[in-house]
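Engineer: These are the residues of each chain, in order.
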Amino acid sequence: MSEARSDGLSAPRDMTHLARLLQFSDSTLPVGAFAFSNGLESALQTGVVTDPASLREFVELAVRQAARMDGVALLHASRAMRAGDYGAIRAADAALWSRRVGEEQQMMLARMGKKLAELALKISDFPMLERWLGDIRAGATPGCFPVGQAIALAHMGADEAETFVMHQYGVASMILSAAVRLMRIDHLDTQRILFTTQQRVQEDYEAVRDLSLDEMSVFAPVFDVLVAHHTTTHVRLFMN
Amino acid sequence: MAMTLHERLGRLDAAREVQGYQTQPRQMRAAAPGKVGELRLGFSLRDGRSVLHDLYRVAPLLVQQALYWDEAMPELPICPIISVGGGVLQGDRYRIDISVEAGACAQVTSQSANRIHQMDANYASQHQTVRVASGAYLEYLPDFTIPYKGSRFINETEVTVAEDATVLYGEMLMSGRKHHHEDERFGLDLLSMAVSVRRPGGRELFAEKLLIEKGDPTVNFAAVMRGFDAFASIMCLTPPDVAARIRERFGTLFPAEERRAIAGVSRLPNGAGLMLRVVGVESYDVRQEVRRFWRIVREEARGRTLPEEFLWR
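Just so you know, the sequences run in chain order A and B.
-13 is the number of the first residue of the first sequence in our numbering; add one for each residue after it.
31 is the number of the first residue of the second sequence in our numbering; add one for each residue after it.
Honestly, the hints are just simulated from the structure, not real lab data.
It should be emphasised that the depicted structure is a prediction, and the values quoted were computed from it without experimental measurement.
Beta carbons are placed, not taken as given, at the ideal position from N, Cα and C, and that holds for glycine.
To spell it out: a stretch of chain A is covered by chain B in this simulated footprint if at least three of its residues, at any positions, have a beta carbon under 8 Å from a beta carbon of chain B; those stretches are:
#, stretch
1, 44 to 53
2, 80 to 89
Distance ranges between label pairs, derived from CB positions:
#, chain 1, residue 1, chain 2, residue 2, range
3, A, Leu4, B, Arg56, 50 to 60 Å
4, A, Asp200, B, Glu68, 17 to 27 Å
5, A, Asp12, B, Arg56, 55 to 65 Å
For lysine to any residue, the following SDA-like pairs were computed, each having C-alpha atoms within a straight-line distance of at most 25 Å:
#, chain 1, residue 1, chain 2, residue 2
6, B, Lys244, A, Ala193
7, B, Lys239, A, Glu192
8, B, Lys239, B, Ser226
9, B, Lys239, A, Arg54
My request is simple: use the sequences and hints to build the entire structure.
Structural biologist: Given below as C-alpha cells:
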C-alpha cells in the first residue's frame, strides 16, 4: 500500500491518507470560511432565499457555479502539481483571479488561499506551497483558495477526483453553516440539504473535467447583483 | 491582432459548444460570400477633433459615416452599426474591429436589437476586437441581443485597453421573444459570449464567459433569472481613481417589492475597473439602469453628461 513514488509526492494510500483528507475538508479547518456566506446574507435580506427549499436551490446553484469556475482551475492546478509544473499552477491561479468579479468575492478567494497555505506550512512540510506562499507575499500570484487546495491535497496524495469532491463539499458546507447563523433553519434541514447536494458531485465533475481554463463560464445574473448588493448594505454579519 | 479572419473565425468554429451544430444549411452554406460580414472602424484625432479615419465594411454589416449629434458631447463621433440582413442567420460569420487611437473619443452603437434567428442547421458566430489607446474614450453599447427559440450564437470579444483610457462596453440580453410565445423564454439552443480584457503589453486583466445551453434548468432559479427576462452586463474599464468616483455615485437598486429591475456595481479584478449587473422584467427596465450608469461614467471620465433619451427609442 505504501509504495514509494518517484514524483516526490508522499502518498501512501493507507488509512492516514483518508484521515488527512477528512482533516482538510473539515469545516473547522481554520482558513476563515466561517466569515463568508458566498452571497447568502444578501439573498436572505432580499428574499431570494426564504426557506429550506429556496436555500437548497441556492446551494445547488453555488456548487454548479463553483464547479464551472473554481473547479476548472482546481483541476488544472491539481494536474500541474502532479506534473511538477509550477508555471501551470501560476497560470491556473491567474486565470481564476481574472474571472472573479466583486471585491468581497475576491477577498474570499485570496484570504482563504493564503490562510490555507500558512496553516499547512505550520503543521507539516509542503515545499510547493511554500514557494506559492512566497509568491503571494511578493504580489506575484493572487493565491486563490482552490489552487492552494489543489497544491496541498496533491502533496498528500489525493487524486484529482478526491480534490474536486473536497472542494465542492467545502462550497456547500460553508454556505450551510452560514445559513444556520442567518436564518430560521435547524441543523437537520441543513444536513438534509448537504446530503442531497452531494449527489451532484460526479455529474459536475464530468461536466468540467475536460474544460480548458478559457472555458470557465458563468450565468447567474441575480446572484451577480446580490454580490454587488452586499458591498453596500449596512447591517452585515458576513464578509460576503 | 495579427490573426487573419480565417484564424479568428476558425477558433470559434473549434469551440466545444458548437461541435454539435456542424450541419450545413440547405440555403447558402456557412461562411459563404454574403454570409461573412466584416466591419473595421478606426477613430483618431485629426487637428484636435475625433474623426472616423478608417472604415472598411462587407455586407451584411454596414456603417455609413460618423455623425456628431450628441448635444451633451458634441465632439463625439457616433457610428451606428446597421445589419442589412434583418438579423443573424444560421451560417453567418461576423467580425468587427474597432480601434480608438490616443486621445480620441468615439461611440459605436447598433441600429436595433440583434435578433438571432431560429436555426435548424449550423450556428452563427461573431468575433470582435476593440483597441483603445492612451487617453482615449470609447462607448460601445450594442442594443439588446434577442436569441430566438432554437438559435445558436457564439461571440468572442477581445478588448485591449491602455491604463489611462476608458471603455464602456457590454451586452444586454433578452431571454427570447417573450411576447411571441412562452416557449421563447430561454428556448435558445446555445448562447456563448466570451470577453477578455488585456493591457497593450498582453497582460490579462479580466475575462468572462457567459454560457447558456439548451435546457439549462438553472435559468429559472431565483438566483439566476426567475421572474425576469432581461439582463445587462456592462463593464467600465477605467483607471482606479475614476472607478472609485463612479462606484461612489451609483447606488445599488434592489427594491423590497415590485421589482421591475435590480442593479449593482462590482469591482473587476486587477484594477480593470467596474462591472454593472442589471436584471429586469422588460428591456426598458434594464435600459434605464444602464443609462443611469452610463451617465455617471461619462460625467466622471469625460466631464460630459448624457442627454435625455429620445422619446422614440
